[in-house]
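Chemist: Just so you know, the protein sequences line up as chains A and B, in that order.
As numbered in my numbering, residues 2 to 115 make up the first sequence, in order.
As numbered in my numbering, residues 8 to 119 make up the second sequence, in order.
What the hints contain is simulated information worked out from the structure, not anything from laboratory work.
Please read all numbers here as calculations on a predicted model, not as lab measurements.
All clues stand as given, with none of them false.
Quick list of the computed label-pair ranges, beta carbon to beta carbon:
no., chain 1, residue 1, chain 2, residue 2, range
1, B, 61, A, 18, 45 to 51 Å
2, B, 74, A, 83, 37 to 43 Å
3, B, 77, A, 6, 37 to 43 Å
4, A, 107, B, 117, 22 to 28 Å
C-beta atoms are modelled at their ideal positions from N, C-alpha and C, and glycine is treated no differently.
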Amino acid sequence: AQSVTQLDSHVSVSEGTPVLLRCNYSSSYSPSLFWYVQHPNKGLQLLLKYTSAATLVKGINGFEAEFKKSETSFHLTKPSAHMSDAAEYFCVVSETSGTYKYIFGTGTRLKVLA
Amino acid sequence: KAGVTQTPRYLIKTRGQQVTLSCSPISGHRSVSWYQQTPGQGLQFLFEYFSETQRNKGNFPGRFSGRQFSNSRSEMNVSTLELGDSALYLCASSGGTTDTQYFGPGTRLTVL
Chain A
2 AQSVTQLDSH
12 VSVSEGTPVL
22 LRCNYSSSYS
32 PSLFWYVQHP
42 NKGLQLLLKY
52 TSAATLVKGI
62 NGFEAEFKKS
72 ETSFHLTKPS
82 AHMSDAAEYF
92 CVVSETSGTY
102 KYIFGTGTRL
112 KVLA
Chain B
8 KAGVTQTPRY
18 LIKTRGQQVT
28 LSCSPISGHR
38 SVSWYQQTPG
48 QGLQFLFEYF
58 SETQRNKGNF
68 PGRFSGRQFS
78 NSRSEMNVST
88 LELGDSALYL
98 CASSGGTTDT
108 QYFGPGTRLT
118 VL
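Next comes chain A alone, as it looks inside the complex:
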């Protein structure tokens, strides 16, 4: 069975400093992995997606993630945090065994300090 673990429920960074949000996954198949962001009272916005074409995936708003099969990790990074990055971030693995079913991590709430 597939699963996703987000290692930190809350992360605080100062504006202008790097962001690291950690995600580990478990999958029996070649997984599709995603990061989504959710701002308060909003839906989920796709940040980036890994599908096996490249291990380093670039997303929107300066975010990127690296797929490491040996570590079963898909951590999200950004070189310099902005106040507008404050939100909740979800790591997702997609079951691709016939149907596309999303398995969500529990989320990481990112706080950006001025």
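For this one, chain A is given, so just place chain B on it according to the hints.
Modeler: Just chain B now, kept in the frame of chain A:
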């Protein structure tokens, strides 16, 4: 292209009532999935419809049901509402050849 739209955005109901939520997918998308989001349980998968057929189902009681129309619009129904059904209900659509899901803004349901 217009994004996924959900109506209504906010709903207040009382216990025992039923409710119907609507989702219009991105044009051309044939798959619609529904999720429940609560502070305690996080994001949980309800069901997925593809070409008017339920293709996948999560672990929710039978009070939660859905359907999809020929134009891919989907509705979700919850009967005999309970306090614990208060949540943000999110709908997502995807195209037939990709598993990337695009989410709507959600419907905030409050059960009193």
